[in-house]
Structures are given as structure tokens and as C-alpha cells.
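For the record, the sequence lines run as chains P and D. Numbering follows our numbering, in which position 133 of the first sequence is assigned residue number 768; successive positions increment by one, without gaps. Numbering follows our numbering, in which position 243 of the second sequence is assigned residue number 878; successive positions increment by one, without gaps.
It cannot be assumed that every hint is accurate.
When chains are identical, the list treats them as one kind, so a pair holds in a single copy or across two.
As the list claims (entries may be wrong) - Here are the simulated DSS-like cross-link-like pairs (lysine-lysine), alpha carbons at most 30 Å apart as the crow flies: (1) K932 <-> K865; (2) K881 <-> K1188; (3) K932 <-> K952; (4) K828 <-> K672; (5) K881 <-> K672; (6) K1188 <-> K1120; (7) K881 <-> K648; (8) K1119 <-> K952; (9) K881 <-> K950; (10) K928 <-> K698; (11) K881 <-> K1181; (12) K926 <-> K698; (13) K865 <-> K956; (14) K698 <-> K956; (15) K932 <-> K698; (16) K950 <-> K1181; (17) K865 <-> K648; (18) K956 <-> K926; (19) K950 <-> K928; (20) K952 <-> K1188; (21) K828 <-> K956; (22) K648 <-> K1181.
If you're looking for bench data, these hints aren't it; they were derived computationally from the structure.
Number of protein chains: 2
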Amino acid sequence: MLIETIHSPVDIKQLDITQLIALAAEIRSGLMNRLSKRGGHFGPNYGIVEATIALHFVFDSPKDKIVFDVSHQCYTHKILTGRSSAFFSEEHFGDVSGYTNPAESEHDFFNVGHTSTSVSLACGLAKSRDLMGESGNVIAVIGDGSLSGGEALEGLDFAAELGSNFIIVVNDNDMSIAENHGGLYQNLNALRKSNGTCACNLFRAMGLDYRFVADGNDIAQLIAAFSAVKDTDHPTVVHIVTQKGKGYTPAETDRENWHWHVPFDPETGHALQLGGGESYGDLTCDFLLKKMKADPKVVTLAAAVPVCIGFTPEKRKEAGKQFVDAGIAEEHAVAMASGIARGGGKPVFATHSSFFQRTYDQLSQDLCINRNPATLLVNTASVYGMHDITHLGIFDIAMMSNIPNLVYLAPTNCEEYFAMLDWSIEQNSFPVAIRMPCNGVFHTDRPVQTDYSALNRYQVTQQGSGTAVLALGDFYQLGEALAKKIAETTGTAPTLINPRYITGLDEQLFRELSDHHSVVITLEDGILDGGFGEKIARYYGPTDMKVYCYGLKKEFLDRYSVDEVLKANHLTPEQICADIY
Amino acid sequence: MLIETIHSPVDIKQLDITQLIALAAEIRSGLMNRLSKRGGHFGPNYGIVEATIALHFVFDSPKDKIVFDVSHQCYTHKILTGRSSAFFSEEHFGDVSGYTNPAESEHDFFNVGHTSTSVSLACGLAKSRDLMGESGNVIAVIGDGSLSGGEALEGLDFAAELGSNFIIVVNDNDMSIAENHGGLYQNLNALRKSNGTCACNLFRAMGLDYRFVADGNDIAQLIAAFSAVKDTDHPTVVHIVTQKGKGYTPAETDRENWHWHVPFDPETGHALQLGGGESYGDLTCDFLLKKMKADPKVVTLAAAVPVCIGFTPEKRKEAGKQFVDAGIAEEHAVAMASGIARGGGKPVFATHSSFFQRTYDQLSQDLCINRNPATLLVNTASVYGMHDITHLGIFDIAMMSNIPNLVYLAPTNCEEYFAMLDWSIEQNSFPVAIRMPCNGVFHTDRPVQTDYSALNRYQVTQQGSGTAVLALGDFYQLGEALAKKIAETTGTAPTLINPRYITGLDEQLFRELSDHHSVVITLEDGILDGGFGEKIARYYGPTDMKVYCYGLKKEFLDRYSVDEVLKANHLTPEQICADIY
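In isolation and in its complexed conformation, chain P is listed as follows:
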């Protein structure tokens, strides 16, 4: 196999076009080997094999610096830069992450996992080069889906100011994670249809030079285009049209489902394990569809990840105009939700905890200063959520709960979650965020409260004495186990509390606890710094109450084992009891 001769990008520069095409086929076999067994980003990687080969054929990495946007399409780059064993040998799958990673290779410049950052990061590399009087090309590779993100648009707009070598490869497969949303995609379509000649051109309107490649899966065309812009003295876009999932029929056909895929049988394309049982995504979708059918004012918003709350293409169609996908544009989605609520509509915007990070200012300025009653669903906000360093769900409590006026709720089971969601949609007083449970769908037989407008009233679910356990959100089940363990260990049943509200203290309850309790334990599924427990430690700071806060250390975890992280943070009932009693 050719691939055995490729140890660094230098090695492909000797190959002729026929060999490069053969190499592409070999690379796809390596991708299939890893993706079918381990899962991962399928469509983006299958689509960009040829372009990556051509980039490394023309440019001289790492002197020439390539920055991949999101970097979920960097598998071929990894294969060509000394990491092919992580694709061809199962025992080496764990050697690499699914994103670019400077710890792995001198050919990777940033840990990247959020979209729309490549142009700005690469602008920085180019500026640094120019400051130091160095040479070399800087290349950002960005997909069409990522173009709708504010950071990417800011970067595209600024790039023209560099006035020196800078190349932006726009990898246009006419697809985001789901379909694209936004007016600029009409322009990309016009550019594709006119072979890049249409006079109205988003990139030229941003002050950039422009070049078009009609078949971005044709290595010869790509090499010609990249060679033409190599060592250019000004910022230039190379717009290449690729096919998402190219080379594997199921992925070419159903591009949304094959953007990322679980392990599957390569022969049939069927997933090896079917998801079973209830999921909050499907349940939320069903609930919202019912609400929307009953009330035309209710509208569900997503930002390019509609399936995180179960909105498959069929469900989106069912919701019609009451479903809005803002594209990769979370800032816009939050501000628009605020505007909808101001106008009398009932918006529900859902995305992942990690992606809410893009909206701090919109949460504060557009939503909370204005006290508009929008509902936010914060998904995978948990140590049980996504495990890549760039997609962690353990920071949202610290980020969101300290914004004034926001009511941030932490349901502890399925019934409570939907009661909170229903209340939030129907109330008119507060911006509300709900931290979707992430530790499985737990049900309760107890009646759940339907009205949450009397803020910051915690629920005592077990009256005891000595110790009070405040178990927030999806650490409530841990709280139940801890309460049992404390009773066993100390002989006295503790009080167990479901705080429900992340954003405020139940000071009346705290005063009452002081009578028959000397220890308070807080449990939260997120970092301790800036979090929930510290507020309680502050409240009791001047008193004799002993307060123990349990949660996660402030750190960027990466590809972690949940059990190991829980143990490292003393988050088992046994460890907590051993610490305290």
C-alpha cells in the first residue's frame, strides 16, 4: 500500500496524480476502518480526502500552517502527518483525538472543536509571521456550515486588513450538520451555479480575492488552484465544491445522519448498537410538538443541532413555521428568542451546554437585562455529557447562574423536568434556563410542583437531622445514595434537599436547617468554582455550620472516563462519608 510509504507530508510530493488518487482510496479504507468500529465524524472526513491530499501536496506543512475549522474533518490530515496507525490499527485508535491537537503533532496548531474559529486563529498566525518578518503560507480551511457563525464572519471581514499572504479554503458541501440556514447560502448556490463567476460575491464583498474550484474532489483541479494561490501576497478565498460523505453511498445519500455516526456495519451501513429506551431528546420533541400544536405562539429554536432535542427532519417538517433552525449562529438564536418573547411569542431555544458558551453576552444583554420570558434548554450539561476537551458540559453553572435575572432550574427527574418546561413556556415574568438531566431518564411517583414562580424555594424530600444534603439536578440520585450511606455510617438519617433553583438561595430554609443540623453537603454536576455550592458556603461563612462542597475541579478534561473523574473528585457516597465522618 502507498500509505505505508507516507510518514510525513513530504512523502506525498513524490507521487504522481494516479498515485494520489490511489492514495485517496487507501485513506478512505483507513477512515472506514476507524469510523465503522469506533464512530466519529463520517461525512466531513469522507468529503475532504482529496482536498487534504492536495493541500499537503502543494504546501509545506508545518512551515506553511493549515488551520482546520471545527477540525472534525482532520482525519486525512492526521493520516498524512504521521498518525496513520490510529486509523489502520485498532490498537492505536486511542492514540489520537477526533480533532486537531498540538500535543499529537507539529502539524496541528490548535485544539479546536467549536465551529467558526479557524479564520481568526489563522489571522493570528499570519500576523505573527508578518511581525517577525517570517515567510510561509497560512491557510484556514472552513466548511460552508461554519460560515454562518459570528466569529467566522468577523474573521472573514477582518482578514482583508492583513494585507499579506492568507488563504481561506471554503469547503462547500452545501450542508451544515443539518441543512444550512441563512441568506448567504443563496449566494454560495449562485456561485456554484455560475462556476464562481457571479458578480455578487460574499467573499469579494468582504474585501477578499476569490477563486473557484468546481470539483473539490478532483485532486488535479485542487492542486492547480492551490498552486496558483501559494505564496500569494494578499488574502484570498479558494471556494471548493465537495461532496459530503463522498465515496460511501449511505453517507452520500443521508448526509445529516452520516455527519457523525456511531459504529456500523460497513456492508449495510446499519448501526451496530441501536439506541434503546427513553431519551430526553425524543421526549422533549414530543412534548414541544404537542405544545406547538395547541398554541401557535410556541416556537422551538435550534442552532444547527436540532436533533439534540429530537427534531429529526420529519419532526421539523411536522413543526412547520413553529420550528426555526438559526444555523450555526447561537448568538443570533438567543437574541432572537428574546425578541420573540418581547413580541408575545413563547420561544424555546435548545443547544448543548458547550455551545451556550458562545452566548454569554446575549444571555446578559439581549435577554436578561430585558427580562424577556424566553426558555432555554441546556443540553448535555453534565460530567455525563460529551467527553472531548472542546465540548465539555461542566461549565454552564459557573457561566450562566451568575447572570442577574436569569432563573436557572435543575430538574431531578423526568416529571419535574417537563413540569418546569411547561411552567417556563407559559409564564411571562422571567428568562428561564433548564438544565436537562443527563444521567438517564428517572421517573417519580411523587406529585411534582407545577408552578415555579415563587423563586428559590428548595424542596425537602427527606426530613432528617445532623447533616443536610443539597443534591442539585442530576446529582440528586447521587444525593439519595449518599443520604443512605450517611444514615448507615452515622446512625442518623440526614435531610435530603432538591434545590431546584441554581440561581438563588432559599435563605429561610437555610435558617431552619441551622436548628438541627451541623453539616451541609452540596453536590453539583459541574465545576465548583463559581458554582452552586460556593454560594451556600458563603451564606454559612460567618456561622458554625460546616459546609462541604462536592463537584468537579476547575480543569479542561479530555476524553475521560466518567467513573475515574467522579472518583478523582471524591464523588462517591463512600468517599464523601470517609471525608466527613
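Fit chain D to the given chain P structure using the hints.
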């Protein structure tokens, strides 16, 4: 005067064009009355008088909804919507804020003060209207400077998807706060030069319809254009060319200095009070210029507010290519700073605390996950900073200090600030943010530490016993006063500590304190929730140490008196002593 007959927008619909022109002159006299005596946003308001008159002449507010971007240009709108006394009568100046404010009028839909939000907010109003089957026009009014912000670009891109009535008035005065930066301004220039006919058109490339008004200070032209798009059935841009500061020669001539202006003599344009003494802005500029001259790798970045660190047009010229203004594009600025640091440059990015809110995700993902050694200067981060609800500087500790890997420093005087800045620029290990002092320029005779790489070592500045006062950043002077008061009150001099590091605990010192102290008091110039003191309360939670955290309540203050806010939060030495002893 005509203005006496205008109580609501309905009243101007009876006027003919000559009267409307006369009304514009009267309005400018009202603006001059307020601005010369009280200060405020001069250029934006003087430039948009005619356009605001035309909007209210053509549209029917509040059924038709006008959303002003930043809303620092809404003074004429306030005058025409029943609030003229706040401009013509000095005793009523305090009745209105400098921004749109729903509490003041049914014609204001949002509290707005950050740029680039109008299109998204207005999209929400339009969507709500469509969901409920209502009618009426929705109009966003956005300046050219605001277009470079990611949220605005996301909104422009999304707007085309609305598919119903939506009007975006682009108020193009060819100026941001300082000059514009970004490639899109080449396109605005081309559109101006071609009378709106040039085929390459940013707005059309975003999928929007487009109309051009050559003289946006000509009421007749504006009325014709707005009438033509009134009740349009699809999203449309009306690009109007206005003159910033129109009608007052000093403001027409020096547009940057007259964007916002302190009180002045209308005859001469001279400021009534000259700023005296040292300022951290000027000192920082001088320091950075010196660093940049000595080392070509050092580069200063701003995002449309270069003067916040003293970079006037002359100083920017002096810095040459080592000064970069990213325009209103804070996300890009932070990501680019990370890229520059990755490439070996030494970037320093400065902006206001309130504007860092736009960069949470860039701080986390682009900068801190990658541990790139960029320096951030956080300006007006203080209760002493800006006093408008939309520009508060009291949230950055909660927002930034809980991001892993960031080193956030709080200098307590001038010498320490520059020592920290110098260290940060020269080190290669950490992303560093520095909270610029905001309570005046204090000097010290003591030698200050030059190396801060041994993280989280607090400085004991006065060894005492009984009580330890941890006085963070520019509350250190309050800490000194408190220490004296405690000594007077209790007869025992307390220990005084300058924590220096916001982002970590000096646990060794904390253990030592336990020996001879029973009370710890923390002081911080920001909200308590998610802040510095709570971490110390958590540390001592399981112990007998009594911890009292002092800082600000989590709330959106507006146009406040610093003294009143300090008193309300018990932030005087007398109050603290009365609380504790």
C-alpha cells in the same frame, strides 16, 4: 416652536417638508442643550436627526416597531416620542437614559447598549408577529460600525430566512467609534460611489433585497425610500448615507473625538472640564509603545475602543503595524490574539469589562484550552467604571475567573500593574488577564514583584492576628482603611493581604492563617456570586474559620451613585466593622 406641538409621532405626520426641516433644526437645538451641559453621544445623534424624523413620519410606531442598534443614536426618537423635555429642560435631563428603555416609553422595545444586536432582536419581533398572524412593520436601524460584529452578521445572514416584512436601515456614516476596520467597508464604499448600483453587494450576498439613499440627511429622499419599503413582504435593506455630527462643525470635522463628548462650550466646542492628572489609559499607551519599539513581536490589539488604553489617532500611527484595531469584533480579537501568541508574537488585547462578555467562548476555546500566552487588559472592571445598565464592569470576575488555565491578576497600584503587564508580555506559559485598576492611580514606594509565574501566592502586606482581610485589586485601598478601622475597633491589628491572583487560592497561606486568625474578610470590586470570596468561603467551609465575603449583589444596576451602591452593599469600613465586631 414646532417641537411644542409634538407629543407623539402621530403629530409629525401633519407637517409638510418645510416644517419637517425646521423641526430637525429645533431638535438639534435640544440635542445641543443636553449634550453641551451633560455630555453624551454627540456624533451619532446629530447625524440621524433627519432619518429618525422620516422613520416616524412614514411608519406608525409603536404598531410598527423600530429597534435601534446600540441605541446611542435614539435621542431624536426620544424627543419625538413624548420625551422632549429631557432635552430641552435641564431639570428633566435625568428623566431619560442615553439608550432605548422600555420603562420610559411604549416606543422603546429593548434596553440596548452593546452594538450589533438590533437585527437579531428585531428578527424576534418579526417572527412573533408572524406566529400570531399580526401585521405591522419591523425595522432595525444599524450603523455601519456595528456591522462588523458577529451578532450583527449572524442576524443579517438569518434575516433572509424570515420571508416576511422586515426592514434593515443601514445608517452609513463611514465611521465606527474610531475609523472602521474590516473588508466589508470597501464594499460599503463601492456602494456609496456607485449610488448603490455596484453588482457586488454584501447585503444582496446575504440574501436581502436592497435600496440606496444617497443623502441620508435629506428628509424628502428618506421619506420616499421608507415609503417604498413600508409594508414590504420580504426582508429589505435601506442603505442610507449620513454625515456623523451633521450640523455642528467641530463634530463634523473631528468625528472620533465627537462620537461621545463630555460637556462643552457650544460656541467653541471646548470641553468645560479638562481631564487632569494621570490616567491608566495614557500610562498604558506609553508603556506599550515603549515595549513595541523595543520588540517587534509585541502587538497591541483593540476592538473599536482604542482610546480606552490611550491609543489616540496619533499614538496608533506611531505604533504602525504593531497596533491592530479589529473593529467591533471582540470575538475575532481574542481568537486572533491567541493565534498571534501561538505564532510567537506577544499580543496585548484591551477592551472594557462589559465588552469582554462577548468573548466567553473565545476565552475558553480559542485561548485557554490552547494555553496560548496572550495578555488581556480588562478595562473599567469596577463599580467605579461605567454606570449604565448595559455597560457595567462588575461581572468579569464571575465570568472569566472560572475558566480553567486563565491567570487573572488584580493589581493594587500603578507599579504593580505595570510589573504584572511586563511579566505577562514576556512570559510564555499562560493566558493572562489583568484587571486594570479603576479607582484612581495609586503609587507605592515598596518594591513590587516582577515575576508572577509561581501562581497563586498571595502577598501579606501587614502581619497581624485575629482577623485577616483579603482585599482584591482596586478594593485594596478599602482594605487598608478597613484594617485601620478594625485595629481601632478591636484593639488588635489585623493581617492585610493583597491576593494578586483572582484565579487561584493560596492554600498554604490559608493553612497558616488558621493558627492565629478566627475571622477572614474578603473584599472584591464585583458581584459576589461566582466571584473571589466565595472560593475562600468554600475552602474554609469545613473549618471553624468565620468567613465574611464583601462585594456587590448580583443585580443589573443602572445610572447609580457609587457611594450609594457601596453603602447598600455594606462596603464601608464602618459598616463592615459594625457587621462583624
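Status of each hint after checking the structure:
| no. | hint | in the structure |
| --- | --- | --- |
| 1 | K932 <-> K865 | between (53 Å within a copy, 25 Å between copies) |
| 2 | K881 <-> K1188 | neither (42 Å within a copy, 56 Å between copies) |
| 3 | K932 <-> K952 | within (17 Å within a copy, 54 Å between copies) |
| 4 | K828 <-> K672 | neither (38 Å within a copy, 59 Å between copies) |
| 5 | K881 <-> K672 | within (19 Å within a copy, 67 Å between copies) |
| 6 | K1188 <-> K1120 | within (23 Å within a copy, 37 Å between copies) |
| 7 | K881 <-> K648 | within (24 Å within a copy, 61 Å between copies) |
| 8 | K1119 <-> K952 | neither (47 Å within a copy, 69 Å between copies) |
| 9 | K881 <-> K950 | within (27 Å within a copy, 53 Å between copies) |
| 10 | K928 <-> K698 | between (57 Å within a copy, 27 Å between copies) |
| 11 | K881 <-> K1181 | neither (61 Å within a copy, 65 Å between copies) |
| 12 | K926 <-> K698 | between (56 Å within a copy, 28 Å between copies) |
| 13 | K865 <-> K956 | between (46 Å within a copy, 24 Å between copies) |
| 14 | K698 <-> K956 | between (49 Å within a copy, 23 Å between copies) |
| 15 | K932 <-> K698 | between (55 Å within a copy, 18 Å between copies) |
| 16 | K950 <-> K1181 | neither (50 Å within a copy, 55 Å between copies) |
| 17 | K865 <-> K648 | within (15 Å within a copy, 60 Å between copies) |
| 18 | K956 <-> K926 | within (14 Å within a copy, 56 Å between copies) |
| 19 | K950 <-> K928 | within (12 Å within a copy, 61 Å between copies) |
| 20 | K952 <-> K1188 | neither (42 Å within a copy, 46 Å between copies) |
| 21 | K828 <-> K956 | within (28 Å within a copy, 40 Å between copies) |
| 22 | K648 <-> K1181 | neither (67 Å within a copy, 69 Å between copies) |
Hints 2, 4, 8, 11, 16, 20, 22 from the earlier list are contradicted by this structure; the remaining hints agree with it.
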